[in-house]
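So you can see what is in the structure, the chains are spelled out below.
2 protein chains.
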Amino acid sequence: MSPSDLARRRDEARRRNPGKTPKTIAYQHIDFDILDTLLSFYVRSVNLLVSQDLDSHTEALTLGGGTGKISTILMVDSNPGLRPSVLAHFIRKDRSAMTKLLWQMEHAGYLQQRISPAERRARELYLTRKGKDLARRLRLVIKKQDDDFFAILSKEEKATLTRVLRKVYETYIDTQPLAEG
Amino acid sequence: MSPSDLARRRDEARRRNPGKTPKTIAYQHIDFDILDTLLSFYVRSVNLLVSQDLDSHTEALTLGGGTGKISTILMVDSNPGLRPSVLAHFIRKDRSAMTKLLWQMEHAGYLQQRISPAERRARELYLTRKGKDLARRLRLVIKKQDDDFFAILSKEEKATLTRVLRKVYETYIDTQPLAEG
DNA sequence: TATTGTTATACTCTATAACTATA
DNA sequence: TATAGTTATAGAGTATAACAATA
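Protein sequences, first through last, are from chains W and H. Residues 0 to 180 in numbering that gives the first Met the number 0 are what the first sequence lists, from first letter to last. Residues 0 to 180 in numbering that gives the first Met the number 0 are what the second sequence lists, from first letter to last.
One should not assume that every hint holds.
Cross-link-like lysine-lysine pairs, in silico, DSSO-like; alpha carbons within 27 Å at most [to be verified]: (1) K166/H x K157/W; (2) K166/W x K143/H; (3) K131/H x K142/H; (4) K166/H x K143/W; (5) K157/H x K166/W; (6) K131/H x K166/W; (7) K157/W x K154/H; (8) K166/H x K154/W; (9) K157/H x K142/H; (10) K142/W x K131/W; (11) K154/W x K131/W.
Here are the in silico distance ranges between beta carbons for each label pair [stated by the list, open to error]: (12) R13/W x R94/H: 31 to 39 Å; (13) R13/W x R120/H: 21 to 29 Å; (14) D132/W x R162/H: 22 to 30 Å.
Calculated Cβ distances over 12 Å to all of chain H for the following chain W residues [stated by the list, open to error]: (15) Q112; (16) R113; (17) P116; (18) R128.
For the record, the hints were derived by calculation from the structure and aren't laboratory data. Cβ atoms here follow ideal geometry from the backbone N, Cα and C, with glycine treated the same way.
With the hints as extra help, turn the sequences into a complete structure.
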C-alpha cells in the first residue's frame, strides 16, 4: 500500500465521522519509520483500538476494563469446576494476578470457589446465578461489538484474520513463558 | 478449524518446546465459549504474547516494557520536530501520558524538547545523539523479533495479516475517541 | 474561547518474592 | 521436593481534572 492510500483511507474515515476529527491537522505526512512493516506494531495498535471500544461497551455491565474478566466469566460458565491455574494459563495471568481477579469477581457475587475434594490444594470455579445472568448478557454485547467493530472488513478478510491469529495464539499459548520471553 | 486441530497444533508446539510445557495438563478439552469466534479475543491474546516477547528482547536496551517508547524513538527520529500531540495521537496516548513518557525519555538522555518558534504553545521533539544510536539498534532488534515471532506464518499469511490489520488501524486511528468509545 | 502542554491524584495492572497448604 | 494458591509490596501504565501559557 502506498502512502497516498493511507491518507485517502484516513480521509474517508474522518469524513464518515465528522466532529470526531482531531484538531491537530499537521500530521498528514508522518513517516512511520519501520513501524508500518511490523506486524507487532499493528497487533499492538489494533489491540488498543478494539480494547478501548470493547471497554466502552461493557463498563455498563459493572465489570470495568482490563483483560481477563470477560474471559473468566465465559470460560467458567462453559467449564464448571475449572481450576484457577488452568484459566490463568489461557488468559495469560500469573497465579497472583488470577487470585486478585477471582477475589474481585467473587466479591461482586459473580462466582464462587470450592476446594476440590480430589486435590485439596486446588480450587474449582463455579458461577453464581448472578454470574450466569452476566454471562448471558455479555455474550450478546461482545458479539455485537465484535461484529460492529470489524464490519469494515469483508467476510473473507474476517475469516482469514481469525484463522491466522488463532494459529499464532495456539502456537505460543503453551510455550511462551509469562515473564521474560 | 475443528477442536482436534487446536489440540494437535498445541501438541506440536509443546513438542517443539519441551521443558516449557506447563505442568497443569488437565486442560486438554477446554471450551472457549464464544471467545474463539471473536476477533477481539485473538487480537487481545496475540497482543499479550507478542508484546511480552518483544519486551523480553528490548529490556536490555534500557527501555523497559510498555507501549509507546519504541514508537516514540523511531517516529521522532524519522520526523524531527514532531509535536507531542501528533505523536500522542498515533500511539494512542492522551497528552498527560505523553508528557510523562517524554519526560522519561528526556531524563534518560534520548530526546530533547524545544519550544516551537512559530507556535509558542507547542513543543518540537528531537533525538539526541544517544537517542539516534538507540533508534539504530532498536530497528535491528525489533525487526528480528518480528521476523522470528511470526516465522510460523507463510509469506502470504503475513502479507494478508499486515494488510488487514493496517486497514483496521487506519480506519479507526483518527476517529476512535481515547476514553469512552 | 480553544488549544498545547503540565501537574497532581487516584486507580488499576503487573511483577516479584515470601508464604501456607497440600501432595 | 514440587505444586496450588495467597498475601504483600513496589512499579508502571491509565484516567481525570485542574491548571498555565499561548493563540
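Results of checking the hints against the structure:
{"no.": "1", "hint": "K166/H x K157/W", "result": "12 Å, holds"}
{"no.": "2", "hint": "K166/W x K143/H", "result": "20 Å, holds"}
{"no.": "3", "hint": "K131/H x K142/H", "result": "17 Å, holds"}
{"no.": "4", "hint": "K166/H x K143/W", "result": "20 Å, holds"}
{"no.": "5", "hint": "K157/H x K166/W", "result": "12 Å, holds"}
{"no.": "6", "hint": "K131/H x K166/W", "result": "36 Å, violated"}
{"no.": "7", "hint": "K157/W x K154/H", "result": "18 Å, holds"}
{"no.": "8", "hint": "K166/H x K154/W", "result": "14 Å, holds"}
{"no.": "9", "hint": "K157/H x K142/H", "result": "14 Å, holds"}
{"no.": "10", "hint": "K142/W x K131/W", "result": "17 Å, holds"}
{"no.": "11", "hint": "K154/W x K131/W", "result": "31 Å, violated"}
{"no.": "12", "hint": "R13/W x R94/H: 31 to 39 Å", "result": "20 Å, violated"}
{"no.": "13", "hint": "R13/W x R120/H: 21 to 29 Å", "result": "24 Å, holds"}
{"no.": "14", "hint": "D132/W x R162/H: 22 to 30 Å", "result": "41 Å, violated"}
{"no.": "15", "hint": "Q112", "result": "16 Å, holds"}
{"no.": "16", "hint": "R113", "result": "16 Å, holds"}
{"no.": "17", "hint": "P116", "result": "15 Å, holds"}
{"no.": "18", "hint": "R128", "result": "18 Å, holds"}
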